[in-house]
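2 protein chains.
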Amino acid sequence: MDQQKFPANAFINPSGTNKEGIENFISKALHRIISVISSSETRSPLPGEIDIPNQPIPEESIGDEQLIDHLETLLLSSINPSHPGWLPHMDPPPTTASLIADFATASVNNNMLSVEMSPAFSRLEQQVVRKICQMFNLGQKASGVLCSGGSLANLQALAVARNKKLSTKEGGIQELPKKPILFASKVAHTSIQKAAMILGLGQDSVQPIPVDSDSQMITEELEAAINQAKNDGKLPFCVVATAGTTTTGNIDPLEDIGSITQQENLWYHVDAAYGGALVFSNSHHDKLAGISKADSITFNPQKWLYVAKTSAMVLFKDQDHLVNSFKVGAPYMEQDEERINLGEISLQGTRHADILKLWASFQHIGRKGFQQLIDQSYQLTNLLHDKLKVIDCIQLASTPKMNIICFRGQPKWITSARWDEWNKGLQEYLLENHKIFFSLPTYNDSKWLRTVILNPFVNKQSINNINQGITSYIRKTQ
Amino acid sequence: MDQQKFPANAFINPSGTNKEGIENFISKALHRIISVISSSETRSPLPGEIDIPNQPIPEESIGDEQLIDHLETLLLSSINPSHPGWLPHMDPPPTTASLIADFATASVNNNMLSVEMSPAFSRLEQQVVRKICQMFNLGQKASGVLCSGGSLANLQALAVARNKKLSTKEGGIQELPKKPILFASKVAHTSIQKAAMILGLGQDSVQPIPVDSDSQMITEELEAAINQAKNDGKLPFCVVATAGTTTTGNIDPLEDIGSITQQENLWYHVDAAYGGALVFSNSHHDKLAGISKADSITFNPQKWLYVAKTSAMVLFKDQDHLVNSFKVGAPYMEQDEERINLGEISLQGTRHADILKLWASFQHIGRKGFQQLIDQSYQLTNLLHDKLKVIDCIQLASTPKMNIICFRGQPKWITSARWDEWNKGLQEYLLENHKIFFSLPTYNDSKWLRTVILNPFVNKQSINNINQGITSYIRKTQ
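Here the protein sequences come in this chain order: A and B.
Going letter by letter, the first sequence gives residues 1 to 478 in my numbering.
Going letter by letter, the second sequence gives residues 1001 to 1478 in my numbering.
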């Protein structure tokens, strides 16, 4: 063999000959990474200069030391979600267990494709998924799979819905006599449109249902739309409800929508990517009443359970629907007699063992720990809500049902045409003067500030700081 | 606030107050994990007892120490790909850079959904992807995205193909006058069928094309099938060629298939999930001649480039096709003026920054290091091939074109009806007596042993060990 062209630490030698070098290399790297994260608060929620090394694929190794330097530079060029002022999105700082578990997952590089290639993790995934199905009261036949993100979870749910209700698995959509159609509120996540596009239904197959002033689907409008579609010669097959809308965190009337889908014999999918976490809190889980009527549920622990990306899943009330309406066999894989190969019932084939960081986070924080995190964020949200309510020129986009507040200033001393600009100014002012970063989504054709109280290190003082920032900007611009 | 119900190390405090505890916890955990991997060779390629802790979601934290113990148990219950005898699949031991980078990725928990949520990693992904497009000679307009696994890469390629060729993005498939159909060799990966099913084309829309004795698509059969489909009133829109078939690692005639798709105005997708790595070797990249004709390519560094799962991508010759035929906008995201939000042109929305471990592996090993790894595995494959060729009762499934050998014994002293059983016996004998594990796929209705020489610690002695194992089993059963 030729002389080795890559560094001694490129791989962990299975006979232990480079163990000391590997331990040194990894320890140095991890020390630097931990230092970056544990000093998050000294920086801004957003990166300063974005510095990208300019050689994507060098001919020769750059060596251990320079790799660590470059990694540090990249982390400092990234958003800083551990900063308690980074509050714009449903993207939390990660549990420590996630970091360790993702390192462990990479180290054995097992494959969720089949039981043979991930004997422990395949079992673990099914064990955890079934437990979560129970927490949603989906019954004894329920099961599901982890997916690399919520868009895939929604896509898989709608694929099963389409195949089950319209028998399209073998022969496809083209021969259907009528155009299939599904319903979701007008503020449902765009992944529903994307899924409809991918599934060959077309983006125009998603019929948007009007919402009330709290962004909740109006059930009378849903009923009317279903009837109208039938009269128009279309083929309704599915309704998507949302538990935790993207912009305002509202929950559709899950119970009532479930009754309508039962009456109409439509598939009922609940996108609880965000709100699903409420089943972990005894104080708040009743906000999801009715979710047990769902045929399928999307739930993302990567959001309110603080598990590092990606941690998402799709659950089915009846595993037989998943298997019969989705499974594509892979003859090159060993068949396990007792257990199904997860790659055969998943959108994905080869798949990262995302289960380990989810499982490790559950073990390390416990159900009660997550309950506390959820309850605490409600308390802080209420506190901020109380403060905002008494500021004259502040308008709320909806009554908060979760840990999300979406608001905007409508200052009377400025013409309404300039309110968007004023709110953008407020966003910038909070970042520059208070190291607080909110997002600025467009909602009902206007710009709103949006904050998601999703950081264990946010406390009463942080809320006071936010309040101070807003009031001093108001004074400054008055 | 209530008393904290979870351990002090549950999160890294952004003001550094628990830094020492975090460093201790993480160091202990990583030391244990590294010890498991660096002693891989003392164990078997497969796990012994599979031991799963039985409390998926405990009420209270189990604490730091027990979490580390459980993680170790789970790793020991996993397959052991660092063992040089673990050679059954396209699943390698991971680069050390992957482990460090996945830890780093989790630590900042950025989101590939948008530039705003991953400013460094979004840029890095585009930089690396464009460089790889150049290596495939796809031209100046080429680009792509990373996907969480090759099945998603194939799915996205076929979604773009369908939307571009049949204009199904907005209105869907149902109104097409004829049934759409695509072509792939009969040994193409099952993810093509799965994709067709998901895309609403139906599993029956994939027309399997016969292959020659080396598992390569017969182009005359392809031309005949396209003509037949047109005569049958169907709508051909795409051909999928494979560079690195799953069972035998063969390559379809890429150049000739490219010419046919150009003539017929069909989308040309090349599934180079496995074989794409050959562009990293100056000695072997000409095996992919013709791939530059592709409209889209799937390529998975998670296989022959040893990057931890998942590391996969889909590349498009013309980024405009991807954008115009796939993009679904997300109004809640900040739009970057210069850069597209990757979540809008990806199957996935929220996505793990898989780019970091790919980039870090490139930096740490270098293009020449990967070339050496590839060239070395060819040398060892040739060595094993030479040894197998001279064993009388051994039959090869095809002439190896990569680092995969698929073979079976057809011992004359046993009735052919019992050959499958004999080969299963050989698989078990090699595992028990030589710690060598091959897979046993079904191919042309028979059981074959399959080995993928995909471990940097396999050497000439390992090949001799394999050879010895096979010859002693033959003697034993004679």
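These are calculated hints, taken from the structure and not from any lab test.
Heads up, a few of these hints could be off.
[What the hints assert, rightly or not] In the DSS-like style, the derived pairs of lysine-lysine whose C-alpha atoms are separated by at most 25 Å in a straight line are:
no. : chain 1 : residue 1 : chain 2 : residue 2
1   : B       : K1368     : A       : K5
2   : A       : K131      : B       : K1005
3   : B       : K1368     : A       : K435
4   : B       : K1327     : B       : K1387
5   : A       : K178      : B       : K1005
6   : A       : K179      : B       : K1165
7   : B       : K1293     : B       : K1387
8   : B       : K1165     : A       : K287
9   : B       : K1179     : A       : K179
10  : B       : K1028     : A       : K28
Each hint, compared with the structure:
1. B/K1368 / A/K5: Since the Cα atoms of B/K1368 and A/K5 sit roughly 7 Å apart, the hinted pair holds (cutoff 25 Å).
2. A/K131 / B/K1005: At roughly 22 Å apart (the allowed maximum being 25 Å), B/K1005 and A/K131 satisfy the hint.
3. B/K1368 / A/K435: violated, 45 Å
4. B/K1327 / B/K1387: violated, 52 Å
5. A/K178 / B/K1005: Judged against 25 Å, a Cα distance of about 55 Å means the pair is violated.
6. A/K179 / B/K1165: holds, 20 Å
7. B/K1293 / B/K1387: violated, 37 Å
8. B/K1165 / A/K287: This hinted pair is violated, its Cα atoms lying about 46 Å apart.
9. B/K1179 / A/K179: holds, 15 Å
10. B/K1028 / A/K28: Holds. B/K1028 to A/K28 sits at ~14 Å (cutoff 25 Å).
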